[in-house]
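Number of protein chains: 2
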Amino acid sequence: MPYDLVIHNGTLVTVNERFDIIPNGLLCIKADKIKRLEPLDPHQSLPAATETIDAGGGLVLPGLVNSHTHLPMTLFRGLADDRPLDIWLNKHIFPAENAHINPENVRWGVLLACAEMMLAGTTACCDGYFLEDQVAEALHTSGMRAVLAQGVVDFPAPGVPDPKDNISVPRAFVSKWLNRSPLITPSVFCHSAYTCSGETLKKAKALSTETGLCFQIHAAETQNEYRQIQHDHSTTPIAYLDRLGLLNENTLLVHCVWLDDADIELIASRKACISHNPESNAKLAAGIAPVSRLLKAGIVLGLGTDGCASNNNLDLFHEMDIAAKIHKVETNDPTSMDAKTVIEMATIGSARAIGLDHQIGSLEVGKQADVIIIDNRKAHQTPMYHPASHIVYSAKSTDVRDVIVAGRVLVRDRQILSLDVKEIMSEVRKIAEQIKMSR
Amino acid sequence: MPYDLVIHNGTLVTVNERFDIIPNGLLCIKADKIKRLEPLDPHQSLPAATETIDAGGGLVLPGLVNSHTHLPMTLFRGLADDRPLDIWLNKHIFPAENAHINPENVRWGVLLACAEMMLAGTTACCDGYFLEDQVAEALHTSGMRAVLAQGVVDFPAPGVPDPKDNISVPRAFVSKWLNRSPLITPSVFCHSAYTCSGETLKKAKALSTETGLCFQIHAAETQNEYRQIQHDHSTTPIAYLDRLGLLNENTLLVHCVWLDDADIELIASRKACISHNPESNAKLAAGIAPVSRLLKAGIVLGLGTDGCASNNNLDLFHEMDIAAKIHKVETNDPTSMDAKTVIEMATIGSARAIGLDHQIGSLEVGKQADVIIIDNRKAHQTPMYHPASHIVYSAKSTDVRDVIVAGRVLVRDRQILSLDVKEIMSEVRKIAEQIKMSR
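In order, the protein sequences belong to chains A and B.
FYI, in this note's numbering the residues of the first sequence are 217 to 655.
FYI, in this note's numbering the residues of the second sequence are 217 to 655.
Take the hints with a grain of salt, since some may be wrong.
Just so you know, same-sequence chains aren't split out, so a pair can sit in one copy or run between any two.
Stated by the list, open to error - Straight-line C-alpha distance at most 20 Å; calculated PhoX-like pairs for lysine-lysine:
| # | residue 1 | residue 2 |
| --- | --- | --- |
| 1 | 646 | 594 |
| 2 | 512 | 487 |
| 3 | 638 | 594 |
The set of hints was computed from the structure by calculation and includes no laboratory data.
Isolated chain A, as found in the complex:
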């Protein structure tokens, strides 16, 4: 029986437990799974396969995993930058969402996000937003993998005009998408402890627990949030969530910038995971998460970009570079956040954080074939001494040549096969014209 797809003439950066790097590797795929992965014997001919991809001497990696996104916010990319956080949110982002987040616009925003992510080597993401059913439908047409959640807040939101439906709508979303597609896993997303009551948080967590799904929540992002939770509940944001029984191994805490030592111990002991979003945290001046201490405490960390209104891209290569550098300077230690650690955070770390590490996040036999090929015949990637260093400090998202998800080639030679990018860009430009007109 021939393989469906064989990749050769590349260096396999496996991101397995030993971080094995296999020069001149062979990767064989059957259906949606990796079936074989080994050094290619120079005397050996290639195994029979329906399709063979020559990696051209490039790097072959597990697809990157973005552990925190708000996909439809591509529509607001660069709408309002360099503003104080409250003005940015209350005068720009919330009004734009109220006026322009509708099913049709969400569809185009998500398709644009998928195009951007795939061209940047991201094969899976974890999203939380409104009208998430439309998010799921659009994302599904791209062929990407995702953990998706309908957002929960205690005020009217797009698609949920009456907050008393803020649990029933996510419940319907979970019911619809549970076991519907092997590529889409539903999840539950509460926006935060300051936009949801304790009752709402507990109900949402119960919904995720019933079904064993990931529970996402923004937590300890800003100093204002920290102060408000201290004021309202006389404790830290993390301790408050724990008091409500929200922290366990299925909990994904997003941001975690404002933590004290007890918070870190609490997160570690409850085995909750964290999505680390350094660019968004920097751009909004939220702060720098204490990543070295979190890693030392044994907490699972994934890397995320956040939405395009606060970054302004969905580019995990860029995020890896900044993550590596910002923590070195913050801790005054050039050995912290080394390249290997950062790559793990953007692959297997994110996969663990969103509950998909049994399927994705590394190149290993039996795992899903989510694979990217990086073309390193570029001036800015020449010469190459160490593949891991190159991936973090030299490669760019635009060096990603091919993208495969569940064995299906979605990007070949930088052309997306599953989406019409020109049409998507054209439609989003029309929506942006409406957004401009309404301001």
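Given chain A's structure and the hints, the job is docking chain B onto it.
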């Protein structure tokens, strides 16, 4: 008389005094200069020209200016990352330089650097290294513009085995390159106050003063340097340089991370300029320069990448994004280092810092035609609300489509016309093999 080159159908981001942005602009070039720059009247036909470039609705900018590089260090890109600074320098970089920096290797390293810079929209740079005559010869073949300086240290260096020649070699370099090419301006570069004696520093400054050239020096980069100068000279690095008479409007201080208030006042009062290298400073954990305070003091700041051993690239688009974000989070102010300020730093600011602002750094009639065109028909650049925001937070160096220096098209549709990139990459790979073998 027809123009030599006319660019139309683009948004001109002039970076002039008023930061004028001209949608559907017209830019006319004759020989090496910008002759006309205005909105294109929709009823007007294009002026006659030998060559007309349709910018495709993209952004037309002044070429970016990299105010601090060590070009041949592309050879050491990624050689040793994530190491303590002293081990990185003494165990990896210095030995590699001693063993492998020779005229032939410098030539290939510089050609690679030029290819990388041009493809990233950088049209001019300010360099300091050893064997700088070879740097200049190689750079000159690329068609780029540069300020170049032979490095001065008080120990044996490549090309200057006897430190007693450490002023005569730069003097010969200056003599050779002064008024030799309109694109190359010689300069003088002392490595630092801890590798040069006071006498050496004064002699080197005198050489630059005789000829009115830019005097470059690494200054106040690390805490160790700060402590050492305090120990040896009982004052700060900046006050020590001032005591030697080294600070004036032709002085380019590189890094300036470790400054006290008096240092900032001193730099401002002497009108010395600063090259700000946030990525290198972060990666080596040197620290974060107090940029907001420097700008407030009225000091001219240019942006620079530093060499490829500590970044690991020569990409000013990446540098702009990090510069914007790192200072927001450092100062806890999301309005600091707004997109306009960052673009100015990478163009007119750098041009001022290296003494070329009468020629380059903005699109203005009478200035040199150093122009880049950014293709924004990309998913990650869609939609676009504000050009300045887009340049800093969304565009990538790989979106640069065309590059023009002194009216000459050096890059067309991402193909370099003046250099053979494949040959350069192949030669540098061979050198890298030798470097690997010798370790």
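These are the hints, each one checked on the structure:
1. Proximity of residue 646 to residue 594 under the C-alpha cut-off of 20 Å is restricted to the inter-copy arrangement: shortest distance 15 Å between copies versus 35 Å within a copy.
2. Taking the shortest alpha-carbon separations for residue 512 and residue 487, only the intra-copy value of 13 Å comes in at or below 20 Å, while the best inter-copy value is 46 Å.
3. For the homomeric pair residue 638 and residue 594, the shortest alpha-carbon distance between copies (9 Å) is at most 20 Å, but the shortest distance inside one copy (26 Å) is not.
Checked against the numbered hints listed earlier, the structure breaks none of them; every hint is satisfied.
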